[in-house]
Amino acid sequence: MELDDLRRQWQQPQPVTDPAALNLAELRNLLAQQSDSVIEQLRRNARVEMTINYALLPVSLLVAGLASALWVRLFGWLLALLALVCIFYFRRKLGLLHSMNDPAGDLRSHLVRLITGLRTLIRFYYRLTLATIPVTGLLIGIMSVTSVLKVVTPTKIWLLAGLLAVMSLVIYLPIAHTTKRYLHWLYGQHLERLEGQLRELDEASPVG
Amino acid sequence: MSAAPSADFLAALHDYQPLVRRVCRLYCQDADDRQDLFQEIVLQLWRAWPRYVPQPDAKLSTWLYRIALNVAISNLRQRTRRPASVDLESDVAQHLAQPTEASAYEPEETAALYRAIDRLSDVDKAFVLLYLEDRPYDEMADILGITQNNVRVKMHRVQEKLRKQLVHS
Numbered sequence: 001m002e003l004d005d006l007r008r009q010w011q012q013p014q015p016v017t018d019p020a021a022l023n024l025a026e027l028r029n030l031l032a033q034q035s036d037s038v039i040e041q042l043r044r045n046a047r048v049e050m051t052i053n054y055a056l057l058p059v060s061l062l063v064a065g066l067a068s069a070l071w072v073r074l075f076g077w078l079l080a081l082l083a084l085v086c087i088f089y090f091r092r093k094l095g096l097l098h099s100m101n102d103p104a105g106d107l108r109s110h111l112v113r114l115i116t117g118l119r120t121l122i123r124f125y126y127r128l129t130l131a132t133i134p135v136t137g138l139l140i141g142i143m144s145v146t147s148v149l150k151v152v153t154p155t156k157i158w159l160l161a162g163l164l165a166v167m168s169l170v171i172y173l174p175i176a177h178t179t180k181r182y183l184h185w186l187y188g189q190h191l192e193r194l195e196g197q198l199r200e201l202d203e204a205s206p207v208g
Numbered sequence: 001m002s003a004a005p006s007a008d009f010l011a012a013l014h015d016y017q018p019l020v021r022r023v024c025r026l027y028c029q030d031a032d033d034r035q036d037l038f039q040e041i042v043l044q045l046w047r048a049w050p051r052y053v054p055q056p057d058a059k060l061s062t063w064l065y066r067i068a069l070n071v072a073i074s075n076l077r078q079r080t081r082r083p084a085s086v087d088l089e090s091d092v093a094q095h096l097a098q099p100t101e102a103s104a105y106e107p108e109e110t111a112a113l114y115r116a117i118d119r120l121s122d123v124d125k126a127f128v129l130l131y132l133e134d135r136p137y138d139e140m141a142d143i144l145g146i147t148q149n150n151v152r153v154k155m156h157r158v159q160e161k162l163r164k165q166l167v168h169s
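Top to bottom, those sequences are chains X and B. Residues 1 to 208 (the numbering used here) are what the first sequence spells out, left to right. Residues 1 to 169 (the numbering used here) are what the second sequence spells out, left to right.
Think of the hints as simulated: they come from the structure by calculation, not from any bench. One should not assume that every hint holds.
Calculated pairs, DMTMM-like style, for lysine to aspartate or glutamate (alpha carbon to alpha carbon, straight line, at most 25 Å) [said to hold, decoys possible]: (1) B/LYS59 / B/GLU133; (2) B/LYS164 / X/GLU40; (3) B/LYS125 / X/ASP5.
Predicted model, so just to flag it, every value in this text is computed and none were measured.
Isolated chain X (complex conformation) (with noise of 0.2 Å):
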């Protein structure tokens, strides 16, 4: 038996897997649910963790802005330097899901905007992850000076300073590796998915 001899029967409906068509009331009930995409739930989240950092960022410059001790105004000044950076983030993010999420163009087209659309936030969550390590070290070290130390001499932070420099460097390498892997684990199985099906979709040299 060939397809041409399965195309005969393929159009009429099959009960065991094809249920009887839904109602207008029935379809309605379907489009008011979400979907479940990975795309989707990555809107989803990015939108909540966009508030969340608008919320921080008028908290962190009142801090910045009312708080009488210098290494408070500083830690303010610095919680609001990462909102801001990470409202950057997150609305590039979702501009780019937004991008991704048109599958109305032919397969082809479909699968190398889905590959472009993964490799760019892959990079984008890489650096960004980067470049939150100073940030956070300041953090630290602010917490330290004010917490161990009961006099602050310039000596003193200078030394901390160092000492957080050394640190940052320490954790930098593994901290890449970790999230590299990470990435990885998120995204990898889609991305190889995809980039192997533009490869067959592409394979088509004269049959010989």
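Take the given structure of chain X and dock chain B to it, following the hints.
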């Protein structure tokens, strides 16, 4: 999306449900997965509907096939229930292979062909689907984004794969 679906979208969706069901039938063997995929395709159709512009030389069905296949193939869903490869075992395959007026073949032959199709890659299944749906090569090329010549070559290869699988089964 919060806006209520428009009447023309609901009417189109109602008419084309069997098409979407057939795509789901080819790509998912598990009933829950089929329902999940059906829902995802319908949601994506609705999302894309405002940007759909009817054109004299473009059929609505082409647009629907594109979205349905794009979602089914590239769909980045969390596959919690669906194993990497599920054999189209006797349950579904035998039911699909039940003799009909149009079929002159034994159910076992039809079931074997369904099993062979199920072992194909997702991309190859797209060629099979469009072939079974009786789409001309130019429309297949339009849906898949490759040339008509490539469609012919790929279609030939897919048929060869199926023949080999049937011989070995």
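A quick look at each hint next to the structure:
Taking the CA atoms of B/LYS59 and B/GLU133, the gap is about 14 Å. The hint holds against a cut of 25 Å. For the given pair, B/LYS164 sits about 40 Å from X/GLU40 by alpha-carbon distance, which is inconsistent with the 25 Å threshold. For the hint linking B/LYS125 to X/ASP5, the alpha-carbon distance of about 17 Å falls within 25 Å, and the restraint holds.
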